[in-house]
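Engineer: With the hints as your guide, set chain C onto chain H.
2 protein chains.
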Amino acid sequence: MTSLSVFRDVPIAQKLEGSLLKIYRQDDSSVKMFLAYKVCMTEGGHPWVSLVVRKTRLQIAEDPSLNYEYLPLAGLKSFIQASLELLFGKHSQAIVEKRVGGVHIVGESGAFQLGAQFLKIWRKNLKTVCIISCQNEQCGLIFRDMGFTVYEYSVWNSTDLCSDPSIFVEVLQHIPAGSILVIGNISDCRFTQNQWTKLMSIIKSKQIFPFFDIPCQGLSTGDLEEDSKFLQHFVSLGFEFFCSQSLSKNFGIYDEGVGILVVAALSNQHLLCVISQLMDYVQALWGNPPATGARIITSILCNPALFGEWKQSLKGVVENIMLIKEKVKEKLRLLGTPGSWNHITRQSGTHGYLGLNCILRGLFPK
Amino acid sequence: MTSLSVFRDVPIAQKLEGSLLKIYRQDDSSVKMFLAYKVCMTEGGHPWVSLVVRKTRLQIAEDPSLNYEYLPLAGLKSFIQASLELLFGKHSQAIVEKRVGGVHIVGESGAFQLGAQFLKIWRKNLKTVCIISCQNEQCGLIFRDMGFTVYEYSVWNSTDLCSDPSIFVEVLQHIPAGSILVIGNISDCRFTQNQWTKLMSIIKSKQIFPFFDIPCQGLSTGDLEEDSKFLQHFVSLGFEFFCSQSLSKNFGIYDEGVGILVVAALSNQHLLCVISQLMDYVQALWGNPPATGARIITSILCNPALFGEWKQSLKGVVENIMLIKEKVKEKLRLLGTPGSWNHITRQSGTHGYLGLNCILRGLFPK
Numbered sequence: 001m002t003s004l005s006v007f008r009d010v011p012i013a014q015k016l017e018g019s020l021l022k023i024y025r026q027d028d029s030s031v032k033m034f035l036a037y038k039v040c041m042t043e044g045g046h047p048w049v050s051l052v053v054r055k056t057r058l059q060i061a062e063d064p065s066l067n068y069e070y071l072p073l074a075g076l077k078s079f080i081q082a083s084l085e086l087l088f089g090k091h092s093q094a095i096v097e098k099r100v101g102g103v104h105i106v107g108e109s110g111a112f113q114l115g116a117q118f119l120k121i122w123r124k125n126l127k128t129v130c131i132i133s134c135q136n137e138q139c140g141l142i143f144r145d146m147g148f149t150v151y152e153y154s155v156w157n158s159t160d161l162c163s164d165p166s167i168f169v170e171v172l173q174h175i176p177a178g179s180i181l182v183i184g185n186i187s188d189c190r191f192t193q194n195q196w197t198k199l200m201s202i203i204k205s206k207q208i209f210p211f212f213d214i215p216c217q218g219l220s221t222g223d224l225e226e227d228s229k230f231l232q233h234f235v236s237l238g239f240e241f242f243c244s245q246s247l248s249k250n251f252g253i254y255d256e257g258v259g260i261l262v263v264a265a266l267s268n269q270h271l272l273c274v275i276s277q278l279m280d281y282v283q284a285l286w287g288n289p290p291a292t293g294a295r296i297i298t299s300i301l302c303n304p305a306l307f308g309e310w311k312q313s314l315k316g317v318v319e320n321i322m323l324i325k326e327k328v329k330e331k332l333r334l335l336g337t338p339g340s341w342n343h344i345t346r347q348s349g350t351h352g353y354l355g356l357n358c359i360l361r362g363l364f365p366k
Numbered sequence: 001m002t003s004l005s006v007f008r009d010v011p012i013a014q015k016l017e018g019s020l021l022k023i024y025r026q027d028d029s030s031v032k033m034f035l036a037y038k039v040c041m042t043e044g045g046h047p048w049v050s051l052v053v054r055k056t057r058l059q060i061a062e063d064p065s066l067n068y069e070y071l072p073l074a075g076l077k078s079f080i081q082a083s084l085e086l087l088f089g090k091h092s093q094a095i096v097e098k099r100v101g102g103v104h105i106v107g108e109s110g111a112f113q114l115g116a117q118f119l120k121i122w123r124k125n126l127k128t129v130c131i132i133s134c135q136n137e138q139c140g141l142i143f144r145d146m147g148f149t150v151y152e153y154s155v156w157n158s159t160d161l162c163s164d165p166s167i168f169v170e171v172l173q174h175i176p177a178g179s180i181l182v183i184g185n186i187s188d189c190r191f192t193q194n195q196w197t198k199l200m201s202i203i204k205s206k207q208i209f210p211f212f213d214i215p216c217q218g219l220s221t222g223d224l225e226e227d228s229k230f231l232q233h234f235v236s237l238g239f240e241f242f243c244s245q246s247l248s249k250n251f252g253i254y255d256e257g258v259g260i261l262v263v264a265a266l267s268n269q270h271l272l273c274v275i276s277q278l279m280d281y282v283q284a285l286w287g288n289p290p291a292t293g294a295r296i297i298t299s300i301l302c303n304p305a306l307f308g309e310w311k312q313s314l315k316g317v318v319e320n321i322m323l324i325k326e327k328v329k330e331k332l333r334l335l336g337t338p339g340s341w342n343h344i345t346r347q348s349g350t351h352g353y354l355g356l357n358c359i360l361r362g363l364f365p366k
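Chains as they are written, first to last, in the working numbering: chain H, 1 to 366; chain C, 1 to 366.
Simulated from the structure, these hints should not be mistaken for lab results. Ideal Cβ placement from N, Cα and C applies to all residues, glycine included. Careful, some of the hints might be misleading.
Some chain C residues judged to face chain H by a derived CB distance under 7 angstroms, without partners named [stated by the list, open to error]:
1) Pro47
2) Val49
3) Asn67
4) Tyr68
5) Tyr70
6) Gln113
7) Gln117
8) Trp122
9) Ile142
10) Trp156
11) Cys273
12) Gln277
13) Trp286
14) Gly287
15) Thr292
Label pairs and their in silico Cβ distance ranges [what the hints assert, rightly or not]:
16) Leu141/H x Glu152/C: 26 to 36 angstroms
17) Gly45/C x Phe34/H: 51 to 61 angstroms
18) Gln138/H x Gln173/C: 43 to 53 angstroms
Derived coverage of chain C by chain H (criterion: at least 3 residues anywhere in the stretch with Cβ under 8 angstroms from a Cβ of chain H; other residues may be distant) [what the hints assert, rightly or not]:
19) 34 to 46
20) 261 to 267
21) 326 to 337
In isolation and in its complexed conformation, chain H is listed as follows (with noise of 0.2 angstroms):
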């Protein structure tokens, strides 16, 4: 056939992902060190895992009561339940008042697509999105091809070399009212009850919408109350917000990206009517929402023995991290590096941001 092909106006796309990578490995540098996995890495330089997980997954393959029908659209029921425990705790008042409620996602984008969604719809009036973390997020991508105007700030303090409140509050004062405000990882911003008190009323007088980003529940500090804690805070005080709750990174299950879009509203009625709009965007994207993640991490959270094991290994995983970052302090204070390097042991979480300077060889990207 010689006809011309109808896709000969597509040009390739930007490469998004791994260009980092097939850099290093381009770089013929004998010293030359990948410092920006995406995944925790073991020992043997494999994408960890928590043990409990390959136990879990065995049993449930071995389990031959277990149906595989469709599952609904919101998602598998009692894993929706377990992880909203996770988040705000066992005895919430909020879960008992049935006003805090989630549906099923899928990826580590889904939380932010369907919500993206539904706002685009039902909250006409915000057009505007400020994300603030101390991290490039993904989610400005979703939010800008839907038509949102996006903003992106920064509260690292290059000067410092710390996740800094008082940015936060600054950025706060200064984006437009009605915004939808994406708050990213800040878990290693330490508020003082003041700045708190003032972040609170900023959004409430502001109208400012949250959409509070939980990628790793449990790998900042090592304790999973502390690393929810502040969204604890805003579901007491009766703040209404969206939150992606990313369940794959402290399982160690990259490969099945499951999470929840949690919805925290004023009431249960106005939380079923946001739940029902956000199943038909659900029937659209995907259907019904894959099992096999769900099902491990609700074995897993249901049961006491499991979920203390699991606890156990966050806890590994987190002094490791530290282990690591004392090992390079050391290292530069060994040397004689110029400079404080204590900044690098103040910070908690799997990120960490070291204060060099990069010397830009060749490609290397911004």
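Structural biologist: Same frame as chain H, now just chain C:
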């Protein structure tokens, strides 16, 4: 807090799923029977799962060498390759020429969601979608939400009680030039060579873009090749198209919602451009796709012994469905029900059109 909810204008959405089953359960008739399950049921009343799937699931869970790193955005490479070979045949010229490819997608709607997003951006002149099938297709909702004008056509001939290829050709003659044509479940439509030629020539001359749906290859006739023969015909003649290839139903892993958006292009160069753009949308939709379903399917498709077992299990299901249809026909004959019921056993596939009139009771939906 006494403030108004930001969700106060959000109504409850019309329920999309489960309403038929709900009404059935509420019906107090003692002779009621539910005929609209979405999955194949075993005699024990459980959703059918190919035995070889259970075995493979266990092997995967036991494999200590597997790592659970994020899959690439485009998905599991070996899964895509194996699925394309299943669809087009191992020795397909189009596969050799690398002008067919695919993206690993999530859920039953994922391929249409992804394909529709691409067509909306890159084929702006295609504004009309015509869906032709012998059942209701959910993808209409997806295209409609994105602003396409959607027309739906049935090939069911209610006089002769069969899927009628002449209706298909007639529809094609009347739809607007430059339409997207979604070709749903038409495996029951037995085209003559003449009708095929006519169909191809209309599609070409009216610059219609075909978007096929292969929801359960092998469950129509029990023969994998037979079920995708018409697609091989299209690709061998150099047509460009999209195809939603779902692999959940024919492996009995309904709860893993896994498949491929298949792209057939004129050349490898065009294909690579299209796939690269699709990956941009994947990044925003769900990020990296879940792996379990794809791993199970790949393990089976790439192992001749397991593949043989699976093929055999498909034949078993199809024979069983045919047996049920025979029994229904025989029962109607024994009861002396007026009319001919041969159309019941003339139909292949998981669905059966009885040609009964509904007695509307209370809330029974249309």
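Engineer: With chain H as the partner, please determine if proline 47/C meets the hint condition of a C-beta pair closer than 7 angstroms.
Structural biologist: holds, 5 angstroms
Engineer: Using the Cβ atoms, figure out if leucine 141/H sits within 26 to 36 angstroms of glutamate 152/C.
Structural biologist: Given about 33 angstroms between the Cβ atoms, the range holds.
Engineer: Under 7 angstroms, Cβ to Cβ, is where tyrosine 68/C needs to be relative to chain H, so tell me if that hint holds or is violated.
Structural biologist: Constraint on tyrosine 68/C satisfied, holds at 5 angstroms.
Engineer: With 7 angstroms as the cut and Cβ atoms as the points, is glutamine 117/C at the interface with chain H?
Structural biologist: With Cβ-Cβ at 9 angstroms, over 7 angstroms, it is violated.
Engineer: Test coverage of the region 326 to 337 of chain C by chain H using CB-CB distances below 8 angstroms; three residues minimum.
Structural biologist: violated (count 0)
Engineer: Count the residues of the region 34 to 46 of chain C with a beta-carbon closer than 8 angstroms to any beta-carbon of chain H: does the count reach three?
Structural biologist: As far as the region 34 to 46 of chain C goes, the hint holds, because 3 residues have Cβ atoms under 8 angstroms from chain H.
Engineer: How about tryptophan 286/C: closest beta carbon in chain H under 7 angstroms, or not?
Structural biologist: Tryptophan 286/C check passes; min Cβ-Cβ to chain H is 3 angstroms, inside 7 angstroms.
Engineer: Has the region 261 to 267 of chain C got at least three residues whose CB is nearer than 8 angstroms to a CB belonging to chain H?
Structural biologist: Since 3 is at least three, the answer is holds.
Engineer: For the hint on cysteine 273/C, does the least C-beta distance to chain H fall short of 7 angstroms?
Structural biologist: Status holds, d = 4 angstroms.
Engineer: For the hint on glutamine 277/C, does the least C-beta distance to chain H fall short of 7 angstroms?
Structural biologist: holds, 5 angstroms
Engineer: Could one say that the CB atoms of glycine 45/C and phenylalanine 34/H fall in the range 51 to 61 angstroms?
Structural biologist: holds, 53 angstroms
Engineer: Once the shortest beta carbon distance from tryptophan 156/C to chain H is found, is it less than 7 angstroms?
Structural biologist: violated, 24 angstroms
When each numbered hint is compared with the structure, violations occur for hints 7, 10, 21.
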